[in-house]
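Visitor: Chain B with the ligands: place on chain A using the hints.
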Amino acid sequence: MIAATGLVKRYLLGGQEVRALDGVDVHIGAGEMVAVRGPSGCGKSTLMNIIGCLDRPEAGSYRLDGEEVAGLDGDRLAGVRNRRIGFVFQTFNLLPRMSALDNVALPAHYGDLPDAGARARRALAQVGLDDRMHHQPNQLSGGQRQRVAIARALVMDPAIVLADEPTGALDSRTGEEILALFKQLNGQGRTIIMVTHDPAVAAHCPRQIHLRDGRVVEDG
Amino acid sequence: MRLSLVVGASLASLRANKLRSSLAMLGIIIGVAAVVSMVAIGAGAQAQVLERITAMGTDLLIIRPGQRGTGGVMSGTQQNLTLEDARALLDLPRVRQVTPVVQGMGQVKFLGRNTRVQVQGVALPYLPMRGFEVERGSAFSEAQVESSARVAVLGPVTAENLFGGAEPVGALVKVNGIGFTVVGVLKAKGDQGWFNPDDQVLVPYTVAMKQLFGLTRLREIDVQGAEGADLTQVQADVTRLLRRRHRQAEGSGDDFTIRNQAEMIETMSRVTRTFTLLLGSIAGISLLVGGIGIMNIMLVTVTERTREIGVRKAIGARNRDILRQFLVEAVVVSLLGGLVGAALGSATAWLISALGAFPARIEPTGVVLALGFSAAVGVFFGWYPARRAARLDPIEALRYE
Ligand SMILES: Nc1ncnc2c1ncn2[C@@H]1O[C@H](COP(=O)(O)OP(=O)(O)O)[C@@H](O)[C@H]1O
Ligand SMILES: [Mg+2]
Chain A
137 MIAATGLVKR YLLGGQEVRA LDGVDVHIGA GEMVAVRGPS GCGKSTLMNI
187 IGCLDRPEAG SYRLDGEEVA GLDGDRLAGV RNRRIGFVFQ TFNLLPRMSA
237 LDNVALPAHY GDLPDAGARA RRALAQVGLD DRMHHQPNQL SGGQRQRVAI
287 ARALVMDPAI VLADEPTGAL DSRTGEEILA LFKQLNGQGR TIIMVTHDPA
337 VAAHCPRQIH LRDGRVVEDG
Chain B
647 MRLSLVVGAS LASLRANKLR SSLAMLGIII GVAAVVSMVA IGAGAQAQVL
697 ERITAMGTDL LIIRPGQRGT GGVMSGTQQN LTLEDARALL DLPRVRQVTP
747 VVQGMGQVKF LGRNTRVQVQ GVALPYLPMR GFEVERGSAF SEAQVESSAR
797 VAVLGPVTAE NLFGGAEPVG ALVKVNGIGF TVVGVLKAKG DQGWFNPDDQ
847 VLVPYTVAMK QLFGLTRLRE IDVQGAEGAD LTQVQADVTR LLRRRHRQAE
897 GSGDDFTIRN QAEMIETMSR VTRTFTLLLG SIAGISLLVG GIGIMNIMLV
947 TVTERTREIG VRKAIGARNR DILRQFLVEA VVVSLLGGLV GAALGSATAW
997 LISALGAFPA RIEPTGVVLA LGFSAAVGVF FGWYPARRAA RLDPIEALRY
1047 E
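In order, the protein sequences belong to chains A and B. Residues in the first sequence are numbered consecutively from 137, following my numbering. Residues in the second sequence are numbered consecutively from 647, following my numbering.
If you're looking for bench data, these hints aren't it; they were derived computationally from the structure. We put the beta carbon where it would ideally sit given N, CA and C, even for glycine. It is possible that some hints are incorrect.
What the hints assert, rightly or not - Restraint-style ranges between C-beta atoms, simulated for each label pair: (1) B/T1011 - A/G207: 46 to 54 Å; (2) A/G325 - B/A1022: 49 to 57 Å; (3) A/G264 - B/L651: 46 to 54 Å; (4) A/P335 - B/A1022: 56 to 64 Å; (5) B/S927 - A/G210: 37 to 45 Å.
Pulled out of the complex, with its shape left as it was, chain A reads as follows (with noise of 0.2 Å):
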């Protein structure tokens, strides 16, 4: 399903180039759970970026479901973004002064679905929420705000869910509930590829990637 090869990007910091990914191999199947590790600035976040078709690599190719990616335009991309995949961020990014249910309908409302109402109704009860949906972000804690956020990657019902540091908000207790959350939706079939610098995070995944240094150093 995704099918990732040589994948590099660079940046320049302060003159000096930094290789955020230098050649990366990524292969994940369908219904697979993966976790991305490694410590801060090895790239993980610049790999999720690319899979979840947010950025483009420099070089190397990408075929998400048999198709290269570096062949679509903005508009294209962002149809991929809209239906196949759902992002999931660290800091929710939920949009302000919009209720819970306005929020996770909006994917619904880019893909011009008319019944983006109940669709967002039945993401927020997917994710235990349907009493809370008429609230606004700031009027919910963290994990009932990451729960509305995994709402809205849910209510296109795309194949994969990308997750970059999910739990980072959180208190570990509610981080548990979040990775639980995951681990249902992977039984429902979704691939889950979830980013995470915590080992303890990471365990709850059958398969990890470890980077460093722009470079997968262990797969399995």
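Guide: Chain B with the ligands only, in chain A's frame:
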């Protein structure tokens, strides 16, 4: 995404930043209010000017002696219009009525009172042709004109000046020392600005020429076209006849001038239309300044909401979705400003008119135009900030602190 959702979202985001939104709107409000009130004043002035011209009659040709001189050097007015000219004009088939006009200043006295006014010597048709009506008494008769009777019709202001509240009709006044019987008083027409038709004395031209001023030539001949006749055609007939009577050589310039009321109306409406346009465009500049205000606020908004833009892109918004969102927001601001401004401008115009300073006339098309223009300003000045938002790189936007 449905447009109604986008509009709803922009209203919500405007509400979240009330002070800033109102400041952004202020420029547009002032601009539109200025345009609407200025155009209302222009249109009011136009209506007033036209009304004044039409009050003088719309099917009139006014013939005056030409300027003497050649090569652009004018040297006084020729005295070449005669009573015979006037009689000959009346025989033209496309002419309905003709009146000779002579003019002079008269010192008019009644008992102790005394006023200096313009005295017009005219024939009977002068009154209907120039749109005068007699309010009290009557006009002088054909027979009185024929017999050089010393009768006068007073303008209402003149009558008021001489008689105060007393009855003028039947009274004997002295004009330049000659006794005249007042037979009537005109109905007020209102001051025309350059000349007040309510402050004058009308007498038969016969008595004016022979006794009052000792004139043999006319100051003016007024011609009214026949019912349904094309005034330009009448003008051509008149010109041909007068040139023949004055024995003017082929190719020489006319020794008289003809003012065509229909053309006059045309010219004046063009002038006032230009005036309205000018006022409107000057006010329009303030609308542009308002647009720059919107652009400024939208740029700030886009910067402030960089992260939100990143999130929207991450969940599937295309560039054009983002573009549309910010463009709609700019247009909503400018349209709301436009609505408030149109209301304010109409109120201002109404107030100006009510206070009697200017005859403002609120034009619905002007209001619609101003609203359309303000929406266009929103699109124009919202475009650049919206495009900037749309082109943000999603990763950069998400990393923005
Ligand atoms: N936009 C950027 N500009 C400059 N350097 C960047 C940028 N994004 C990432 N980097 C650098 O690339 C490296 C990898 O970053 P990242 O993938 O965010 O690491 P991780 O998520 O593993 O902490 C880091 O050294 C980081 O400083
Ligand atoms: Mg990271």
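Visitor: Holds or violated: the 46 to 54 Å window for the beta-carbon distance between A/G264 and B/L651?
Guide: violated, 27 Å
Visitor: Honestly, do B/T1011 and A/G207 meet the 46 to 54 Å range at C-beta?
Guide: holds, 53 Å
Visitor: Honestly, do A/P335 and B/A1022 meet the 56 to 64 Å range at C-beta?
Guide: holds, 60 Å
Visitor: Return holds or violated for the Cβ distance of A/G325 and B/A1022 against the range 49 to 57 Å.
Guide: Distance hint for A/G325, B/A1022 holds at roughly 52 Å.
Visitor: Would you say the C-beta atoms of B/S927 and A/G210 sit inside 37 to 45 Å of each other?
Guide: Given a distance of about 41 Å, which is inside 37 to 45 Å, the answer is holds.
The structure is inconsistent with hint 3 alone, although it conforms to all the rest.
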